[in-house]
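Undergrad: Residues per chain are reported as follows:
2 protein chains.
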Amino acid sequence: MTVDVEPGVRQRVLDAGVELFAAQGYDATSVAQIVARAGVAKGGFYHHFASKDQLLYEVYGDLITRQLTQMDRIVARGDPAGETLRALIVDLVETTAARAREARVFGREVHRLDDERAEQCRLARRRYHDTVIRLIARAQATGEFEPVASAETITFTIFGMINELPVWYRPNGRKRPHQIGTELAEFVLAALEKSDDRP
Amino acid sequence: MTVDVEPGVRQRVLDAGVELFAAQGYDATSVAQIVARAGVAKGGFYHHFASKDQLLYEVYGDLITRQLTQMDRIVARGDPAGETLRALIVDLVETTAARAREARVFGREVHRLDDERAEQCRLARRRYHDTVIRLIARAQATGEFEPVASAETITFTIFGMINELPVWYRPNGRKRPHQIGTELAEFVLAALEKSDDRP
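These protein sequence lines map, in sequence, to chains A and B.
The numbering of the first sequence is our numbering, which starts it at 215 and goes up by one.
The numbering of the second sequence is our numbering, which starts it at 215 and goes up by one.
Mixed in with the good hints there might be a few duds.
Any copy, or any two copies together, can satisfy a pair, since identical chains are not distinguished.
Stated by the list, open to error - List time: in silico EDC-like cross-link candidates among lysine to aspartate or glutamate, alpha-carbon distance up to 16 angstroms:
#1 K256 <-> D286
#2 K266 <-> D229
#3 K408 <-> E360
#4 K389 <-> E366
Derived by calculation from the structure, the hints in this document are not laboratory data.
Note that the coordinates shown come from a computational prediction; the quantities given were computed from them, not determined experimentally.
Start from the sequences and build out the full structure, keeping to the hints where you can.
TA: Given below as structure tokens:
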């Protein structure tokens with residue numbers, strides 16, 4: 215979100231912040247502790263982040279920005295709804311799993327954000343949600359998807375699974391993120407796609 | 215979890231705790247503030263709760279205890295898997311929606327629990343999860359449900375939706391909890407039930 219003129223420092227500060235927030239909570243963590251853990255000067259912190267609040271915001275901002283960029287790319291392909299939804303779900307699972315610790319810390323501390331930053335996060339998430347709702351609703355209208363439930367409820371179900379993933383996902387677990395994403399997509403599409411398309 | 219020898223006081227303390235935790239966070243809330251808001255004597259608090267920790271624990275304990283009791287009742291009927299899963303999902307959505315504020319506060323503050331109480335919560339949730347996993351896996355083995363995805367991933371998807379519900383559900387929203395639960399059940403069963411059973 216800031217231009218990274220000094221690569222490395224920004225990421226080290228972010229990583230140190232996430233580690234400390236995870237271990238001792240956001241409130242108990244000071245900027246002094248973060249710069250000490252990151253091994254950077256205080257000026258290095260403030261070059262990249264206006265405040266501790268801003269750092270917390272960017273912990274999530276980095277993830278959702280990447281996910282929205284991928285979303286736009288996937289939707290722009292103009293593939294059939296089933297393929298598009300499958301690609302979106304797999305990407306959401308993979309990117310969330312890759313940043314599971316960040317997502318866990320952010321989920322726990324999101325209520326510490328000031329109103330403006332909280333609103334920014336809500337708007338970013340809403341843009342993804344609304345895209346999925348529209349994709350499903352449109353495919354239900356054309357008959358490409360079955361009207362088994364409202365597009366909103368299906369979208370809340372998909373994001374419920376993805377937003378909870380940081381709670382239970384472990385990088386050394388039995389299943390790779392790609393497999394989890396594919397299973398979720400198969401499950402969702404089994405409900406949505408016409409029975410005569412099914413094997 | 216404690217025997218309620220003085221009905222009213224326990225619930226008033228729980229409600230006051232939830233209100234204060236929601237408004238200002240768990241850490242910033244003292245037992246003195248809770249008893250003042252509840253309009254009870256300090257002894258009334260300590261008659262029902264050993265500590266602030268215990269109160270936080272019982273905010274969730276009351277909900278999960280009720281849900282597990284209902285789960286046992288529904289499973290004991292011995293209905294077909296589809297009917298059982300539908301009844302479980304509708305009950306989970308309805309009871310979670312009825313205690314959405316409690317679930318929201320608990321979800322935010324759960325990491326403040328001591329290890330023993332956190333473990334108790336995990337075990338209670340695990341018992342529900344494991345029951346659903348077994349129900350789905352068994353029905354997939356008998357052919358009653360389709361093997362569209364693993365029973366674990368499907369269970370994580372159902373609980374992902376339900377655990378996120380307190381974040382977006384509003385009592386004055388457009389849909390009643392029963393409708394949300396029915397939609398989620400329809401969606402899940404559309405994926406799981408054999409295509410030749412579908413209309």
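Undergrad: May I ask which of the numbered hints given earlier this structure violates, with the numbers listed in increasing order?
TA: 1
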